[in-house]
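Participant: Sequence:
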Amino acid sequence: MRIVSVNIEGDRHLDTVLPFVVNEAPAALCLQEVFQSDLSLFPDYPHRAFLPTTKRQRFTSAESGVFGIGVLARSPFSQVTTQYLREYPEPLPGFDDSSVDSIYATYRYGIISVHLTEPVNLRIVTTHFTWTPDGMANDRQRQDLHALKAILHTLGEHVLIGDFNIPRGKNELYPLLAEGYTDCIPTEYDGSIDVARHRLKGTRYASELETNMVDYLFTTPSYRAHTVHLVDGVSDHKAIVADVSRFDDADAR
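Using our numbering, the first residue of the sequence shown is number 674, and each one after it goes up by one.
Hints are not guaranteed to be accurate.
Okay, derived cross-link-like pairs now, SDA-like style, lysine to any residue, Cα gap no bigger than 20 Å in a straight line [claimed, not checked]:
id, residue 1, residue 2
1, Lys822, Leu758
2, Lys843, His831
3, Lys728, Pro716
4, Lys822, Asp856
Derived by calculation from the structure, the hints in this document are not laboratory data.
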C-alpha cells in the first residue's frame, strides 16, 4: 500500500503538490500545513480526517482559513481519532509568529490516527510536531514528546509519519522519538528540507537546513516499509513516498 506524506506549506506550492499526488497515486495521503478548504482539491481521496492547528492568512491571497494536518484516503476509515498533545483554550486562535511564545500560544500540536482495512489492514498516525527556533530541543518540545509517546503507546501496531521538527543526529530527543520503531528513512538522506523551495533559500541558514532531517516514517514490528524515498521539487519539505505492508500480507501494496 503506497503512502505519501508531505508538509505542503499551505497554498504556496499547490501547483507542484497537486500533480505530484496524481502521479504517485497513493492509497493514503498525509498532509501537514494544509488549509482545510484545500482538502477538496484532492477529489480522488473522498475519505478525510482533519485536525485544526491554527487560523491564518493564505500565502497567495488576503483570505484566511483553518490550517492543520490531514489524512486522506481512497478507501473508508474504519476508525478515526484526533487528539491534541495538551489542553488548549477555545476558540481556535489566529496565528501569531511575532515570537516563539506567540507561536506556541497560537499553534496547536496533535495527532490524527486512522485505521484502514483496504487495501491493507493498517493504522496510520500522522503529526506536525512541535517546532523549535533552532531545531534543538527545548522544554516545550520535551513536554510535548512525552505527551506524544504516551498517546502512541495506546494505539497498538501502527505506522507513524509526518513532520517532526526533530533533526536526526542533531536534536537530543531523536532517540526517544524513535524508541520502539524502525526509522525507515534511508540514512543516505542527509535532510528532508527542500532548500531550493524554502523561504530561507539564499540566506546564511540555508546550509544548515540542507542537513535537517525532520520528516520521518516509523514502523512498529508488524509493518515493514519498502521503496522508501524522498522526492524534492514538491514543497519546502521533501515528500515521503513508501510502500507499506504487514508481515502477514507482505505482498500487498
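Participant: Does each hint hold? Answer for all of them.
Facilitator: Here is what the structure says about each hint:
{"no.": "1", "hint": "Lys822 / Leu758", "verdict": "holds (10 Å)"}
{"no.": "2", "hint": "Lys843 / His831", "verdict": "violated (26 Å)"}
{"no.": "3", "hint": "Lys728 / Pro716", "verdict": "violated (23 Å)"}
{"no.": "4", "hint": "Lys822 / Asp856", "verdict": "holds (15 Å)"}
Of the numbered hints listed earlier, those contradicted by the structure are 2 and 3.
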